[in-house]
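Here is how the chains run, residue by residue.
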Amino acid sequence: MSVYKVTVYPCGGIGLHVSCVTRLAGYLLDEELFKSDVEILDMHRLIRGMPDEIELVETYPTIILDGCAHQCGSNLFYLLKIKPAARIYVPEIISETGLFPGRARKVLEDSGQRLAREVARRAVRIVKGMRENPNYHYTLQKINAVGLTLCDYEVDVEEAFGYIKIAPGVYRPKDMNSLPGLEEKEIQL
Amino acid sequence: MAVKRICIFPCGGMKKVESTVARIASYIVNEDLLPGKTMLMCVPAFLRGVEEDILMVENNPTVVIDCHEESCGSGLMALIGIPPAARIYIPDVVSQTGLIPGRNRQVLDLVGERLAQEVARCVAKAAQWMLEDQYYSFEKRKVKAFNQNLCEFSDEAIDLLDYVQVEPAIYRPKSMPPLWD
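One line per chain: the protein sequences are B and L, in this order. Offset between the first sequence (1-based) and our numbering: plus 4. Offset between the second sequence (1-based) and our numbering: plus 28.
Hints in this document: simulated from the structure, not taken from any laboratory. No false leads were slipped in.
From the structure, some residues in chain L lie toward chain B, with a derived Cβ separation under 8 Å:
(1) M42
(2) L75
(3) G77
(4) N177
(5) F181
In silico DSS-like links for lysine-lysine, alpha-carbon gap of 25 Å or less:
(6) B/K146 to L/K43
(7) L/K65 to L/K168
(8) L/K202 to L/K32
(9) B/K110 to L/K65
(10) B/K110 to L/K44
(11) L/K43 to B/K132
(12) B/K9 to L/K44
(13) B/K9 to L/K43
(14) L/K170 to L/K32
From the three backbone atoms N, C-alpha and C, an ideal C-beta is built for every residue, glycine too.
Next comes chain B alone, as it looks inside the complex (with noise of 0.2 Å):
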């Protein structure tokens, strides 16, 4: 099936300044780069069990924003038994340009905003890519969330979706459609 909307993960944390610059992604985004073509996912709501939040993201391709190297974002999907179709993350873009997420974490600091800016441009290629690619397909996927092990911190999430590289900071699990743009030379965004 073509791509109707694509679901945005940030990572949800709180502690750490990284989630901040997730979340700012998250929003710009869903309210000014893109508006109706993107959602975001509230995982509170998602595990809370809301309706409109499960059929997110059952219906429609993720891309998550792993904030830090716990990789959380990553993790609640291992978990939902769902796999992403790509994952952004956020401390190899830190390494390629420098951008730190600062030290504020009520509203973030000049050079937080800059790496959500950042966060955000690489999304908006995947984004593109998923939303303008025909031959871009997405699967419909099922939660699968019974009977879980919650906690469990010995799981390698990397190795459990079998990400690949697609450039600094994109990657997708190896049995996802490979990204349009990304890894398609012929398309250019």
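With chain B fixed as given, assemble chain L onto it according to the hints.
Then chain L, alone, in the frame of chain B:
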């Protein structure tokens, strides 16, 4: 046992402006009102199994901030078998003060910021009580991490918390130690 630190669990959602209010209120308490005496529970890290996020909720009383009637924060606490020591319910704060969350999720409007200050005041009041009242006793509990079901909406678990109102916007489960009620 005496309480040395308080875990704050703001609903942490993304969609509603109220969730930004809850998050900013938590930062106000954590950084400005009770620095060094509170910790913020990061739900994604908790579910991931990050040790400090598990220990903070097991070993310290938790103040949960529910931003909406969906009560996602209380729902998770009920699920993991750790009743919060207190719950701040933002819709009550809105009714009581007339302050509204505003319309801006990225950075709160002035009115949303005032609401966050008010929510923070409620959190700090409950937290300070637990920290300073010599008769307040807290019992450590273990997280129920096995054989759990997520994404199943039910009010049953929250009903089991059996919240009693301590004062407008501040609640506690009936089974948890009284605050000033």
